[in-house]
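In the order they appear, the protein sequences are chains A and B. Anchor point for the first sequence: position 55 equals 55 in the working numbering, and the numbering is continuous, going up by one each time. Anchor point for the second sequence: position 273 equals 273 in the working numbering, and the numbering is continuous, going up by one each time.
It cannot be assumed that every hint is accurate.
Computed footprint of chain A on chain B; a stretch qualifies when at least three of its residues, placed anywhere within it, have a C-beta under 8 Å from a C-beta of chain A [stated by the list, open to error]:
no.	segment
1	136 to 144
2	210 to 218
3	306 to 317
In silico PhoX-like links for lysine-lysine, alpha-carbon gap of 25 Å or less [what the hints assert, rightly or not]:
no.	chain 1	residue 1	chain 2	residue 2
4	B	Lys349	B	Lys106
5	B	Lys153	B	Lys424
6	B	Lys106	A	Lys70
7	B	Lys424	B	Lys358
8	A	Lys70	B	Lys23
9	B	Lys437	B	Lys424
Hint data in this document are derived by calculation from the structure and do not stem from the laboratory. The structure displayed is predicted, hence computed values, not measured ones. Every residue, glycine too, gets a C-beta built ideally from N, C-alpha and C.
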Amino acid sequence: MKTNYVMLHTITRIVALIVLSFSVYLFFAGHYTPGGGFIGGLMFACGLLLLYLSFDLNKITTVLPIDFEKVIAIGLLIGIGTGLNSLLFGDPFLTMYFDYYDVWLLGEVGLTTTTPFAIAIFLVVVGVALLTILTIAGDEA
Amino acid sequence: MNNLLLVPVVAPFLIGTILILFKNHHRTQRVISAVTAIIMLVFAFYITYEVYVNGIQTVELGTWVPPFGIVLVADLFASLMVILSSIVGVVCLFFAFQTISPEREKFFFYPFYMFLLAGVHGAFLTGDLFNLFVFFEVMLIASYILIVHGGTKYQLRESFKYVVINVFASIFFIVGIAYIYGITGTLNMAQIAERVGELEQTGVLNAIAVLFLLVFGMKGALFPLYFWLPNSYFGPPSAIAALFGGLLTKVGIYAIIRTFTLIFTHDPGFTHNLILFLAGGTMFFGVLGAVAQFDFKRILSYHIISQVGYMALGLGLYSQLAIAGAIYYIAHHIIVKPALFLFCGATEKITGTTDLKKMSGLLKTYPVLGWLFLVTAISLAGIPPLSGFFSKFALILDGIDQGRYFIVFISLLVGILTLFSMMKIFIYVFWGEESLKGEQRRQPLMPLLMPILPLVALTVILGFGAEPIFSFSMDVANELLEPANYINAVLKE
């Protein structure tokens with residue numbers, strides 16, 4: 001008998017969208033309020049995982065051909081890079097810079113070098129979580 | 001402020017990350033990692049020179065001044081350790097090029113090799129107790145992966161024990177950090193040292209000192225917590241066993257020496273006598289284990305334990321001469337022990353076994369290998385004029401000066417037993433009827449010997465150049481016995 005997953009697929013499509021966009025909100029909420037790269041990354045990984053669970057592993061892999069090993073490496077590189085940029089100004093490693101800028105459409109925005117660092121954490125968390133789960137899931141034995 | 005100190009920590013981390021991107025290009029990985037390791041060695045020498053000329057160097061991460069921020073500190077001891085670990089890093093890497101199989105290379109061997117070096121260097125250079133824990137973890141997680149790398153049945157079984165014992169030690173480490181933070185209200189090692197001095201080290205602070213001794217003793221394989229070491233070092237290939245044998249236990253010893261010359265220095269009658277007792281047990285039981293074995297790699301692993309005892313002995317005696325002896329011994333050991341493991345790897349590659357009873361008569365076909373091994377082995381046993389002699393000489397001289405005859409007797413006895421088991425290896429492997437057949441006679445030796453030669457040369461140089469090198473050790477010991485200099489350099493008072 002052929003099983004039918006119409007309910008699961010329809011709801012997953014909507015819920016995954018909500019989860020993924022909420023994870024982006026959490027990521028940007030992070031500087032002064034609860035949130036940040038780690039939480040955002042975990043929730044983003046959960047959203048993707050929902051897709052992997054309700055659809056098929058192979059199907060999602062063809063739609064999203066992402067090598068999560070590389071995601072981890074790129075995340076780490078960005079993280080080290082935000083530490084190293086302070087060397088350009090002759091300050092100690094990991095020094096943070098912060099200032100307010102006028103950005104088109106958004107008005108005055110506080111920009112800080114910790115944001116790329118949070119992006120780095122985001123990428124590493126997504127990469128590690130999905131790589132671990134997909135490696136176990138893809139194990140035939 | 002001196003950003004130079006970051007190179008030994010950040011460079012291997014950065015390069016290890018880049019190497020992940022070159023997953024399937026083994027040649028590229030080899031070239032990049034070799035170049036990095038050599039550059040790191042050059043920088044390690046430069047940092048030591050800088051420290052020697054200009055005094056203790058610090059860098060305050062993120063411009064947060066200590067005691068609030070995290071600080072990296074390079075004094076002579078730390079920078080000497082960075083030099084030694086960089087040397088071992090280069091040598092073992094080049095030996096790995098010859099002996100690591102492509103199946104192992106494929107699974108991120110070089111990235112984790114680099115992460116391990118980053119963790120080791122970080123542990124040497126950090127000036128913050130919690131950061132010491134973090135760098136221990138970086139180093140340990142990389143070592144978990146390298147020790148199980150290849151995934152043979154034996155490795156999986158033994159490295160499970162290795163992981164369990166180390167996780168257990170890490171839990172105690174974090175508990176110890178929590179205790180000391182509860183009492184002193186700081187994690188900066190210089191400020192802890194200052195406050196422990198004000199509180200007078202009694203009662204609960206002594207208990208915390210013993211807790212730290214337990215934790216670092218577990219990582220550094222001190223008596224009675226060494227049982228995990230011989231079995232787990234037997235599993236991985238020789239290049240990895242050499243790296244671990246040279247470096248990992250020494251990080252534990254470094255942490256013991258750092259905490260017990262900087263922080264817990266006010267009650268040596270209790271703490272340092274305890275260390276002396278542990279040192280005696282470590283030397284004696286380690287060497288007994290080695291005497292009983294008939295396997296090349298296992299004998300060497302047991303000898304790591306007995307030699308860790310000598311380093312602890314130097315700290316336990318707690319005088320300038322003894323600590324200088326211990327530092328000289330660390331330098332000697334970090335050079336000689338990987339060399340012996342690499343000899344083991346070379347004979348394993350030739351004969352296909354590490355069992356002494358299955359080898360014999362290698363001296364006829366490979367005379368150079370045999371005689372170089374003999375030089376290194378008698379250096380380990382402490383025959384003059386090689387490096388092992390001078391380090392033991394200083395320790396024993398100071399032991400007699402202080403009237404600690406029993407521990408001196410043990411260390412001399414251990415020296416004789418070490419000589420005995422080194423001779424056992426030499427006789428079984430290199431003397432006797434030649435057992436090699438066909439292919440085994442025609443192994444190209446030069447690629448295997450090239451990485452070992454610098455280490456053999458260094459042990460000879462350390463021996464013949466003992467005068468300047470020992471006076472440098474005396475400088476290091478002098479600096480360690482004056483914790484006020486370290487505290488002032490970090491807190492800028």
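Going down the list of hints, with the structure as the test:
Counting residues of the segment 136 to 144 of chain B whose CB lies closer than 8 Å to any CB of chain A gives 0, so the stated coverage by that chain is violated, three being the minimum. Under the rule that three or more residues need a Cβ within less than 8 Å of chain A, the assignment of the segment 210 to 218 of chain B is violated, with 0 such residues. Three residues within the 8 Å Cβ limit are the bar, and the segment 306 to 317 of chain B against chain A gives 0, so the coverage statement is violated. Proposed proximity of Lys349 (chain B) and Lys106 (chain B) is supported: the alpha carbons are some 20 Å apart, at most 25 Å.
With a CA separation close to 29 Å, the supplied pair Lys153 (chain B) and Lys424 (chain B) exceeds the 25 Å bound. Our distance criterion of 25 Å between C-alpha atoms is met by Lys106 (chain B) and Lys70 (chain A), whose separation comes to about 15 Å. Using a Cα cut-off of 25 Å, the hinted pair Lys424 (chain B) and Lys358 (chain B) holds, with the two alpha carbons roughly 13 Å apart. At most 25 Å may separate the alpha-carbon atoms for a hinted pair to count; Lys70 (chain A) and Lys23 (chain B) meet this at roughly 9 Å.
Between the alpha carbons of Lys437 (chain B) and Lys424 (chain B) the distance comes to roughly 23 Å, so the proposed pair stays at or under 25 Å and holds.
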